[in-house]
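Engineer: Dock chain V against chain Z, hints included.
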Amino acid sequence: MEILEKRVVASLIFLVGLTLLALGLHFGQVADVLRFLKTTFEATTAGIP
Amino acid sequence: MSKRDKKPLPKVAQKAQEVKVHKKVKIWWIRRLVQLTSFTLFNAGIWGLGPWPIILPILVYFDSSTKTVAGSYELLEYMLSEAVMPWIALASILLFTVLIGRATCGWLCPLGFIQDMLTHLKIGRWQPSLRTHNSLKNLKYGVLLVVLLISGSIAAATVSNPASGQRLKDSLGKAGQGPYSAVDPLGTLFVVIPKLPLAWARILPSASDITWDSFTKTLPVLLPSLLVVRLILLLVFLIGSIYLPRFWCLYVCPLGAFMALINRFRFLGLRRDPVRCTKCRDCVELCPMRVRILDLPFEKFNDAECTLCLDCQDACTEDAIKLKAP
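Read top to bottom, the protein sequences are chains Z and V. Residues in the first sequence are numbered from 8 upward in steps of one, following my numbering. Residues in the second sequence are numbered from 7 upward in steps of one, following my numbering.
Bound-form chain Z, shown alone (with noise of 0.2 Å):
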């Protein structure tokens, strides 16, 4: 694959990223980041007795 078609998929990757980021933005997705934070993640803790 040629540079210049490298950058146009690059391009198009990069706005599927910006559409992600604003779809979850739009859905207050920032805030599940921060409870995700704040509480345990019981998977990270599996397989203590």
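The set of hints was computed from the structure by calculation and includes no laboratory data.
Within a straight-line C-alpha distance of at most 20 Å, the following computed PhoX-like cross-link-like pairs (lysine-lysine) qualify:
hint, chain 1, residue 1, chain 2, residue 2
1, V, Lys-330, Z, Lys-13
2, Z, Lys-13, V, Lys-306
3, V, Lys-330, V, Lys-306
4, V, Lys-285, V, Lys-328
5, V, Lys-328, V, Lys-306
6, V, Lys-180, V, Lys-201
7, V, Lys-328, V, Lys-32
8, V, Lys-201, Z, Lys-45
9, V, Lys-285, V, Lys-306
10, Z, Lys-45, V, Lys-180
As the structure is a computational prediction, the values presented were derived from the model and not from experiment.
Structural biologist: Leaving out everything else, chain V in the frame of chain Z:
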């Protein structure tokens, strides 16, 4: 060697060599300093800092009381377990990778930092053949597929029928929330092992009451199968990292696999000057991710495995390798 070859270098050449050596040490030290600083900052909850709403495509399996930033992959598993579409976690992986590639693996990831430190022990070195290496590299894509299938199935089942989704999650226990998070060696090292003594103290009867029978009965409770799996994987991780640089990143890490899919398209790449390059292979020998730099196009190369650690730039005495963007 003839007498002529042994002639001391002219002063200008000596000075140039000193500058090169100085540059080598500098890049190496900068990366270690950044790794150490980020490792400390990600645990800054100890000093009452954070949490900050920052999502980075790295593995940050630290205790929730100390952790300050979220790792994209664990957040993705957490959101899928809650049957929420992980838009923001996916956005973080896509945006970071397309802009700076897997530089977060090379410069920020705590798991990568531990692997680098273990490799510095220089106890021994295992170099698999290129064929074995190429086959093993595909293992991480398999890991990614399996863990995403499990998480995705649970999320889809929960959305379509919450009761059946919950049953499916319960059948897998805590691992149902995050199949990879439940076995990650960083979590075992920094979350599970520190909590084990207290957990065992709660279960074990007092020393005077221990008999062989009571001990054999409590053993399965003390060492549940998932804990045994976690400890074995931790051992594999530790031994593997001592003998092979970036062992986990190369062959197992599902986040690394996800990023490797996009990494070849990233904007920030490396360039090899064909005039300066003597094809000495020093860069190839020193690359922890075993990227075959000399086989890649010189104007800009973006290998799927490259973590932009810049060890190749450090290794190059001719200064032929440089960063290139876009």
